[in-house]
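S.K.: Here is how the chains run, residue by residue.
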Amino acid sequence: EAQVTQNPRYLITVTGKKLTVTCSQNMNHEYMSWYRQDPGLGLRQIYYSMNVEVTDKGDVPEGYKVSRKEKRNFPLILESPSPNQTSLYFCASSLFTSGGRTDTQYFGPGTRLTVL
Amino acid sequence: AQSVTQLGSHVSVSEGALVLLRCNYSSSVPPYLFWYVQYPNQGLQLLLKYTSAATLVKGINDFEAEFKKSETSFHLTKPSAHMSDAAEYFCAVVNTDKLIFGTGTRLQVFP
Chain V
2 EAQVTQNPRY LITVTGKKLT VTCSQNMNHE YMSWYRQDPG LGLRQIYYSM NVEVTDKGDV
62 PEGYKVSRKE KRNFPLILES PSPNQTSLYF CASSLFTSGG RTDTQYFGPG TRLTVL
Chain F
411 AQSVTQLGSH VSVSEGALVL LRCNYSSSVP PYLFWYVQYP NQGLQLLLKY TSAATLVKGI
471 NDFEAEFKKS ETSFHLTKPS AHMSDAAEYF CAVVNTDKLI FGTGTRLQVF P
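Read top to bottom, the protein sequences are chains V and F.
For the first sequence, this note's numbering begins at 2 and goes up steadily by one.
For the second sequence, this note's numbering begins at 411 and goes up steadily by one.
It cannot be assumed that every hint is accurate.
Stated by the list, open to error - Output of the computed footprint for chain V on chain F, the stretches with three or more beta carbons under 8 Å from beta carbons of chain V:
| # | region |
| --- | --- |
| 1 | 453–467 |
| 2 | 495–507 |
| 3 | 511–518 |
The hints are simulated quantities; they were obtained by calculation from the structure and are not laboratory data.
As the structure is a computational prediction, the values presented were derived from the model and not from experiment.
C-beta atoms are modelled at their ideal positions from N, C-alpha and C, and glycine is treated no differently.
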């Protein structure tokens, strides 16, 4: 089954304790992205990657790191989480269109993070 | 820069009534536009997309949207609401290497 998986689905942690949220896709997509969803703000992009070893900042990158060492995996790293990073996080992946734009993005089930 | 605006953060309809969720876009190039749906405690899934082919786009679960360049709109409609349509709906526009989302519209369906 074609899918994007995220782990963990739920995480409660404390301020300053480093954590990693994993994301994996089995569709051989070049493009992967991380979003955070907050009430009233919709989804905002944190980081994205257009291929292996190529990553770029989205709209809200502060406090986050990513890496893309393999095509299928795109982990999100919070080196020193703070309470304002409490949110619902989604990973997504896509192909590119013939015109070079990101095409339909397929989303993982989400990770609900609470930082105390 | 590309952007989308969704008018109305909450919409309520009766079961069987018309559903209309509004989305206006801003784009300096011919846009690629999407509607996604998020059911409670789930990720987002694609309802439909416009990529400069037919202006009337049909999606899953009898939803459709019409691209109107003159009005810079891409409103989502469904002729007859079902209880299972209760969800949050997001309009989005592609900006080359980014997907820009609106703030979402929560649809409530009353019996």
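S.K.: Would you mind marking each hint as holding or not holding in the structure?
M.R.: Hint-by-hint comparison with the structure:
Only residues whose C-beta sits within less than 8 Å of a C-beta in chain V count toward coverage, and the region 453–467 of chain F has 6 of them, enough to reach three; the restraint holds. Counting residues of the region 495–507 of chain F whose CB falls under 8 Å from any CB of chain V gives 4; the rule of at least 3 is met. Chain V is given as covering the region 511–518 of chain F, and this holds because 4 residues of the stretch bring a CB closer than 8 Å to a CB of that chain, at least three being needed.
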